[in-house]
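**Q** Chains A and B, in that order, are what the protein sequence lines are.
Per our numbering, the first sequence starts with residue 1, numbered consecutively.
Per our numbering, the second sequence starts with residue 1001, numbered consecutively.
Read the hints as simulated data drawn from the structure, not as lab findings.
Where chain A lies over chain B, by a calculated footprint (3+ residues, C-beta under 8 Å): (1) 1105 to 1111; (2) 1150 to 1162; (3) 1368 to 1380.
Just a sample of chain B residues kept apart from chain A, beta carbon distances all over 10 Å, derived: (4) 1032; (5) 1038; (6) 1045; (7) 1089; (8) 1207; (9) 1221; (10) 1246; (11) 1299; (12) 1339; (13) 1399; (14) 1408.
For each residue, glycine too, the CB sits at the ideal point set by N, CA and C.
There are 2 protein chains.
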Amino acid sequence: MSDAHREMWERLNLDLTAHDGLLEVLGKFYGDIYMSQDNRLKGMEYMDFVLSEVHGLRIKELQEAKAQGRKVVGTFCVFVPEELTLAADAVQVGLCAGAEAGSDLAEELVPRNTCALIKSFIGFKLARLCPYLESSDLVVGETTCDGKKKAYEAFADHAPLYVMEVPQTKSVSARELWRDEVLRYMAQVEKLTGVTITAERLRTAIKTVNDRRRALQRLTALRSADPAPISGRDALLINQISFYDDPHRFTYKINELCDELELRVQAGQGVAPVGTPRLMLSGCPMAVPNWKLPYVIESSGAVIVGEESCIGTRNTRDLVDESGETVAEMVDALVDRYMKIDCACFTPNTDRQDNVASMAQTLKADGVINYSLMFCQPYAHEAMKLEHFLEGTVPTMSLETDYSMEDVEQLKTRIEAFVEMVS
Amino acid sequence: MSDAHREMWERLNLDLTAHDGLLEVLGKFYGDIYMSQDNRLKGMEYMDFVLSEVHGLRIKELQEAKAQGRKVVGTFCVFVPEELTLAADAVQVGLCAGAEAGSDLAEELVPRNTCALIKSFIGFKLARLCPYLESSDLVVGETTCDGKKKAYEAFADHAPLYVMEVPQTKSVSARELWRDEVLRYMAQVEKLTGVTITAERLRTAIKTVNDRRRALQRLTALRSADPAPISGRDALLINQISFYDDPHRFTYKINELCDELELRVQAGQGVAPVGTPRLMLSGCPMAVPNWKLPYVIESSGAVIVGEESCIGTRNTRDLVDESGETVAEMVDALVDRYMKIDCACFTPNTDRQDNVASMAQTLKADGVINYSLMFCQPYAHEAMKLEHFLEGTVPTMSLETDYSMEDVEQLKTRIEAFVEMVS
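Build the full structure now, drawing on both the sequences and the hints.
**A** This is the structure in structure tokens:
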């Protein structure tokens, strides 16, 4: 890494020694999991580059934006309306939450029986390892699960935190509550940036975020081809990077990659032979560098064809209606779009069952793997329901794991058996 | 048990053999924990009787009410507004959730990492052991925690379930959502009973429930005396029975018991010598027959002087304002009262810290024991916060346990050390 990066990290008050260690492990892990793949798309070179500079060039861009007076908003959830953040001329980024860094420190703030993702974001802060968090002028939390909701209370002592209340049902009253929360966030981000969100600004922002969703939808659709034209690992990485990268550049690059994919599909080329068992992942989000399960699956003779998760189709499936003309109309369109999210925080959440089933069918999945983070109650409950719901339509298995590598062999044994079963 | 009871249980489709076993264990457990106490109040004879007939006479009363056309509403949470249930001429009862019955069956419906209370109510249903549930025409759930919120989805296949959305903050919008939910419940219970809730009916119901709260507040206040005039076990039992018993009869009996307590306090008499370490319990609810922890504490040289829990002061501290004249005014008073509940489902929930601190002071507690059910995330998080908050004011320890007896010796060791420390 360049000296300029090190100076930047020092200014951000990172723990340089620990951070060096983290980047080293990340680099090695990435090399093993990503660079070992055959038949990769040329378009993935951009992703390799972005990932190699995940704490470098992208952070430098954030610092440059800040130097120009722009603000950075950090998030942990797809409920934070990026359209409003962008309309207020701020940058929105997902925060570090996918590695075991600082988990021991985290347990001083949150209970031991907390999921790895939450322990991770607390740990990244306490161990001073996340340059995104240290660059954030505002961190927006939400009440999507008990774990995060209560962890944010402790986290608020360590970061400039703002919490949005996500309702728990999809009733008319719940929508009203969410609309109030969207408006409250709009006022908050306007206050942060000093920028008034006009119809023009909001229209542009909605288009920017929709364009990114459309590009990712295009990617999702292309994965229905057999042979699978892209690995699940690469597709996951793309979804992960969508939370960090500049949206315009990212969208351009994804469309470019999709052009390449289309040629591949036309040529009948893929990353695995025709007939390779096609699996779909469903459940909890996998934040960078949580690539364990995709790697194990794709090393077990299967290929992943879809990710039904927040870092996947849950974040890209629904567009914001673009016909609104006034700010109020556009806010209503935002509210409607975000209320469609089929997060396990809702009760009931039967839309998700239908979405998983239809995705499995469209992507011609031979099996669905329900992935839950240990101690994530909402997705653990839904995994049990999903297994019943999908019975007789597509083979399903449920796995519960965390960020440690201790269970890799155990996972491999179960996954190999499942792959054999669906073959 | 009388043959009439057995016929009733059979009509309720209980598993008679398993239920006999449950009652036998319950009786023995009660004998060991309750009948062994010295200097008990004469007023506790009523509680002994009620408990001995918990699945007998009280269920008979419910059946008689049903025979007269009244409806029974079962609940698991202090957020269900009993005032509306009573105003619609229905009976409201707490449902079985305090024993390990049927936990193995429960794990077929909910994840293993689910708290004992939730597994218990699912288990009681699947094992056909709860005559309250089998008597219920409507079961009202709520969205107070991820565990219950998602468990109700599975439970809905087994019981006539209706779910109220409890908000997660105390904002103006959150209060609006809760008001809508209270009105929706009012319509639901009116539909169930065919009774229109008039101002007159609601006024009477509010007074009934407030009177019970006032009696229990009187009991709480009398426990500030040293020596402690009543054991924690007995006080917990009283709070537990408040969820089952006829409210008028119960209130009358509690006031009678408080008269006796007052005489005791005047005479300087108690259940333990002056100077016995006084501890307060704080945290998760303890449903019948979850008496493990109070028993261990009071067998370790301490006396419990207060229960900061839903089966304790969280349910009795706040009254509904009685000055409303119209139904709308009274509904607003209900909404205000229920929004004061300092459940760990809210974020932030700093009122609870203040309430615990003030309670510890008023009751002259020498120590506070935070009690969390294993896998209860909201209260586990708050236990960590409470420990910090109370630092320097009153010694605090946090315990996590479930309904099994396996950890009794371990708990005893930790509690004895704590008692010694605060002595």
